[in-house]
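Number of protein chains: 4
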Amino acid sequence: MAQAEFVFEETVRIYDTDTQGIAHYASYYRFFTNAIEKYMQEKVGIKYPIVNDDLWFVIVESHAVYKRPLRLGDKISVVLSPKAISKKIIRFDMNIFKDGEKTTEGYVVQASINPKTWKAIELPDELIARITTI
Amino acid sequence: MAQAEFVFEETVRIYDTDTQGIAHYASYYRFFTNAIEKYMQEKVGIKYPIVNDDLWFVIVESHAVYKRPLRLGDKISVVLSPKAISKKIIRFDMNIFKDGEKTTEGYVVQASINPKTWKAIELPDELIARITTI
Amino acid sequence: MAQAEFVFEETVRIYDTDTQGIAHYASYYRFFTNAIEKYMQEKVGIKYPIVNDDLWFVIVESHAVYKRPLRLGDKISVVLSPKAISKKIIRFDMNIFKDGEKTTEGYVVQASINPKTWKAIELPDELIARITTI
Amino acid sequence: MAQAEFVFEETVRIYDTDTQGIAHYASYYRFFTNAIEKYMQEKVGIKYPIVNDDLWFVIVESHAVYKRPLRLGDKISVVLSPKAISKKIIRFDMNIFKDGEKTTEGYVVQASINPKTWKAIELPDELIARITTI
Numbered sequence: 001m002a003q004a005e006f007v008f009e010e011t012v013r014i015y016d017t018d019t020q021g022i023a024h025y026a027s028y029y030r031f032f033t034n035a036i037e038k039y040m041q042e043k044v045g046i047k048y049p050i051v052n053d054d055l056w057f058v059i060v061e062s063h064a065v066y067k068r069p070l071r072l073g074d075k076i077s078v079v080l081s082p083k084a085i086s087k088k089i090i091r092f093d094m095n096i097f098k099d100g101e102k103t104t105e106g107y108v109v110q111a112s113i114n115p116k117t118w119k120a121i122e123l124p125d126e127l128i129a130r131i132t133t134i
Numbered sequence: 001m002a003q004a005e006f007v008f009e010e011t012v013r014i015y016d017t018d019t020q021g022i023a024h025y026a027s028y029y030r031f032f033t034n035a036i037e038k039y040m041q042e043k044v045g046i047k048y049p050i051v052n053d054d055l056w057f058v059i060v061e062s063h064a065v066y067k068r069p070l071r072l073g074d075k076i077s078v079v080l081s082p083k084a085i086s087k088k089i090i091r092f093d094m095n096i097f098k099d100g101e102k103t104t105e106g107y108v109v110q111a112s113i114n115p116k117t118w119k120a121i122e123l124p125d126e127l128i129a130r131i132t133t134i
Numbered sequence: 001m002a003q004a005e006f007v008f009e010e011t012v013r014i015y016d017t018d019t020q021g022i023a024h025y026a027s028y029y030r031f032f033t034n035a036i037e038k039y040m041q042e043k044v045g046i047k048y049p050i051v052n053d054d055l056w057f058v059i060v061e062s063h064a065v066y067k068r069p070l071r072l073g074d075k076i077s078v079v080l081s082p083k084a085i086s087k088k089i090i091r092f093d094m095n096i097f098k099d100g101e102k103t104t105e106g107y108v109v110q111a112s113i114n115p116k117t118w119k120a121i122e123l124p125d126e127l128i129a130r131i132t133t134i
Numbered sequence: 001m002a003q004a005e006f007v008f009e010e011t012v013r014i015y016d017t018d019t020q021g022i023a024h025y026a027s028y029y030r031f032f033t034n035a036i037e038k039y040m041q042e043k044v045g046i047k048y049p050i051v052n053d054d055l056w057f058v059i060v061e062s063h064a065v066y067k068r069p070l071r072l073g074d075k076i077s078v079v080l081s082p083k084a085i086s087k088k089i090i091r092f093d094m095n096i097f098k099d100g101e102k103t104t105e106g107y108v109v110q111a112s113i114n115p116k117t118w119k120a121i122e123l124p125d126e127l128i129a130r131i132t133t134i
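Residue numbers (our numbering), protein chains in the order written: chain A, 1 to 134; chain B, 1 to 134; chain C, 1 to 134; chain D, 1 to 134.
Worth flagging that the hints you see were computed from the coordinates, not collected in a lab.
Fair warning: there could be bad hints in the mix.
Which copy is meant is left open, because identical chains are indistinguishable; a pair holds if it fits in one copy or across any two.
BS3-like, lysine-lysine: derived pairs with alpha carbons at most 25 Å apart [to be verified]:
hint	residue 1	residue 2
1	Lys88	Lys38
2	Lys102	Lys67
3	Lys88	Lys67
4	Lys75	Lys87
5	Lys102	Lys119
6	Lys75	Lys119
7	Lys43	Lys67
8	Lys75	Lys116
9	Lys38	Lys87
10	Lys38	Lys98
11	Lys116	Lys47
12	Lys98	Lys75
13	Lys119	Lys88
14	Lys83	Lys102
15	Lys102	Lys47
16	Lys116	Lys43
17	Lys98	Lys87
18	Lys75	Lys88
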């Protein structure tokens, strides 16, 4: 079965670009963050990444491969695909498309923690299901 | 009497620039922030902007006039000049020079607050003197 | 006659905030930039800030007064009001509201330049009219 | 033979942090960029990432694993270790230490391109040797 996907539209802004005329490589993590934050708020229906006083999501790994450059004003589609690695770890596969062509692929991995102890905690099954069922 | 001044050296980095080939206008506030943070830590000898649990500095106003563009790799001097507006408000006049020519002028105004109440509080005279005597 | 205004909705993202739990003061210039870029593209109908090979807009001044802090997840309205200072200089007054209360006011001033000479140039009257008539 | 390493000292600034009280995950790529730019300028002796009109370095992959959070004011050591993957591709392994403990590991991969054609080009052996011999 194909993995579910969720798509967000985004524009490359002047502050995302650098003097090489392309989006700076770190700017892509803003695109990834925007897509994940909107997904969690609008579709899963939780505040993100600070869910409540006992549950925060923190990023534990990030990765991106830049296949084609993006430039000022480019309209891009950020495609997000979530997967539970464990009850504590969610991975979001991220792909960026422009005019139907994939320009970028990467992923962001988050852990669930209790901010009072800064220890990883298990998510309720119900929440994992909501996050991973698009 | 001439106002005291403090000078920091800085380099314009690729992530400061945009596709116009110049430092993005918001990047200058990173230069200002760096200069103020280093000044407060290295010369005044306090943590900044979170001094302790009862004293934070928060920015209440920022301003910059961009006279000449800055570009990737430019070596700049950020000149900081502090002034107490009141016992609660400190203003830092900021000037940026490249090769002896002023490229940018601006200021950042901060208030002293108690983060528990988020109310402005008066700084001790001794601390005001340390901040404003370079 | 009241000055015309244009409103954009925005959300404060995790990368806009800092360890004081508020939007970092430089992040507001991202909100201002977003509002201006969307206004110029969607309403005026031009690419921005690089209009074409002979016309760029460059920022020559920026200012913000932070009256109330903004925090992660805040839904804000960025209200933009353009004014022609001359045929070469446009000023955008910016106000940010949250829950009907003004939290921030500021402005951004831009010059029209020819990027080949980096000299200020006069805008056509027709374009000034389009930019300043909301 | 142990791989050569180069160390840069850095401070976590307020604008690197977010409302979780830790350095935002994308900020680490600023630390990586700073280390690489300083290394290339100060040790290799070339402008970076725009070497000249015929040679640019562009980032084609980035990765980071966040083992321990970094916080405002933390003094960190960014350890850089370069390796030639081919005559066109250089990989920088990056490790961040605080108080002797590794907090972060990652890498950045760059390609050499001719900006006029945006095609990958081979670096001269002499330049590869200078980049990879610390």
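Hint check:
Taking the shortest Cα distances, Lys88 and Lys38 sit within 25 Å of each other inside one copy (21 Å), while across copies they are farther apart (38 Å). For a Cα distance limit of 25 Å, the shortest separation of Lys102 from Lys67 inside one copy, 8 Å, qualifies, whereas the shortest one across copies, 30 Å, does not. For the identical chains of this complex, Lys88 and Lys67 are inter-copy neighbours only, at 15 Å across copies versus 31 Å inside a copy, given an alpha-carbon limit of 25 Å. Neither within a single protomer nor between protomers do Lys75 and Lys87 lie at most 25 Å apart by alpha-carbon distance, with minima of 35 Å and 31 Å respectively.
Within a single copy, Lys102 and Lys119 get their C-alpha atoms only as close as 37 Å, which misses the 25 Å cut-off; across copies the closest is 18 Å, which meets it. Taking CA atoms no more than 25 Å apart as the test, Lys75 paired with Lys119 passes between copies only; the shortest distance there is 24 Å, against 39 Å inside one copy. Taking identical chains as interchangeable, the C-alpha atoms of Lys43 and Lys67 are never at most 25 Å apart, the minima being 29 Å within one chain and 29 Å between chains. For the identical chains of this complex, Lys75 and Lys116 are inter-copy neighbours only, at 24 Å across copies versus 40 Å inside a copy, given an alpha-carbon limit of 25 Å.
For the homomeric pair Lys38 and Lys87, the shortest alpha-carbon distance inside one copy (22 Å) is at most 25 Å, but the shortest distance between copies (40 Å) is not. For the identical chains of this complex, Lys38 and Lys98 are neighbours both inside a copy (20 Å) and across copies (19 Å), given an alpha-carbon limit of 25 Å. For the identical chains of this complex, Lys116 and Lys47 are neighbours both inside a copy (18 Å) and across copies (24 Å), given an alpha-carbon limit of 25 Å. Proximity of Lys98 to Lys75 under the C-alpha cut-off of 25 Å is restricted to the intra-copy arrangement: shortest distance 7 Å within a copy versus 28 Å between copies.
Taking the shortest alpha-carbon separations for Lys119 and Lys88, only the intra-copy value of 10 Å comes in at or below 25 Å, while the best inter-copy value is 39 Å. When the C-alpha separation of Lys83 and Lys102 is checked against a cutoff of 25 Å, the pair qualifies only within one copy, where the shortest distance is 21 Å, while the shortest distance between copies is 28 Å. For the homomeric pair Lys102 and Lys47, the shortest alpha-carbon distance between copies (24 Å) is at most 25 Å, but the shortest distance inside one copy (30 Å) is not. Taking the closest pair of Cα atoms, Lys116 and Lys43 never come within 25 Å of each other, the shortest separation being 27 Å inside a single copy and 34 Å across copies.
Taking identical chains as interchangeable, the C-alpha atoms of Lys98 and Lys87 are never at most 25 Å apart, the minima being 34 Å within one chain and 30 Å between chains. For the identical chains of this complex, Lys75 and Lys88 are neighbours neither inside a copy (34 Å) nor across copies (29 Å), given an alpha-carbon limit of 25 Å.
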